[in-house]
Each structure stands twice: as C-alpha cells, then as structure tokens.
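Taking this note's numbering, I'd label the letters of the sequence shown as residues 1 to 60.
In short, the hints are calculated from the structure, not lab data. Glycine included, C-beta positions come from ideal geometry on N, C-alpha and C. Mixed in with the good hints, there may be bad ones.
What the hints assert, rightly or not - Taking CB as the label site, the calculated pair distances span:
1. ALA2 x VAL27: 17 to 27 Å
2. ASP3 x GLU58: 13 to 23 Å
3. ILE16 x GLU49: 36 to 46 Å
4. GLY59 x ALA20: 22 to 32 Å
5. PHE28 x ALA2: 17 to 27 Å
6. LEU26 x GLN48: 18 to 28 Å
7. LYS54 x ALA20: 38 to 48 Å
8. ASP33 x LYS54: 32 to 42 Å
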Amino acid sequence: SADPTAIQLRFLQAMIEVSAEKNSTLVFPVPIDLLSAFTKGSSLGKLQEFIDQKTEAEGV
C-alpha cells in the first residue's frame, strides 16, 4: 500500500522485530532536511549554504 500511515506502521513493526534481537545494529534513516537545523553555523552548514548558492547561481 502507498498509504503513508501504513508505511510508517510497517516501518515501526520492523524496528520492533529488529530490536528484539540483542546483538544487532539498527540503522535509522533521518531526512537531511531534519538535520539542517543542527548544522546551521557549523562547517557542514556553511558547506551546504555554499552549495545552495552555487546551484542557484547556475540555475541547477
């Protein structure tokens, strides 16, 4: 199903199943847009601003 709620529920069910195993590593994907709030002012944030300026100037 393409319903976002169903997809999120399935994702959470999969996380529960994986977390039941004590010796596994869980990689949790986080959208880059969410991380941008934490990178403002850092070198990573400055790099992103530079890339954004260049792509806007070039019309990409």
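So, going through the hints one by one against the coordinates:
Remark: the range hint 17 to 27 Å for ALA2 to VAL27 is upheld by a beta-carbon distance near 24 Å. Under the hint 13 to 23 Å, the C-beta atoms of ASP3 and GLU58, about 38 Å apart, miss the expected range. Between ILE16 and GLU49 the beta carbon distance is about 39 Å. The supplied range of 36 to 46 Å therefore holds. Evaluation of the 22 to 32 Å hint for GLY59 and ALA20 yields a failure: the beta carbon distance comes to about 50 Å.
In this structure the supplied range 17 to 27 Å holds for PHE28 paired with ALA2, their Cβ-Cβ distance being about 22 Å. For the hinted restraint 18 to 28 Å between LEU26 and GLN48, the CB-CB distance of approximately 27 Å keeps it satisfied. Judged by the Cβ atoms, the range 38 to 48 Å given for LYS54 and ALA20 holds: they are separated by roughly 46 Å. Taking 32 to 42 Å as the suggested C-beta distance range, the pair ASP33 and LYS54 does not conform, at roughly 19 Å.
Consistency with the previously given hints fails for numbers 2, 4 and 8, ordered from lowest to highest.
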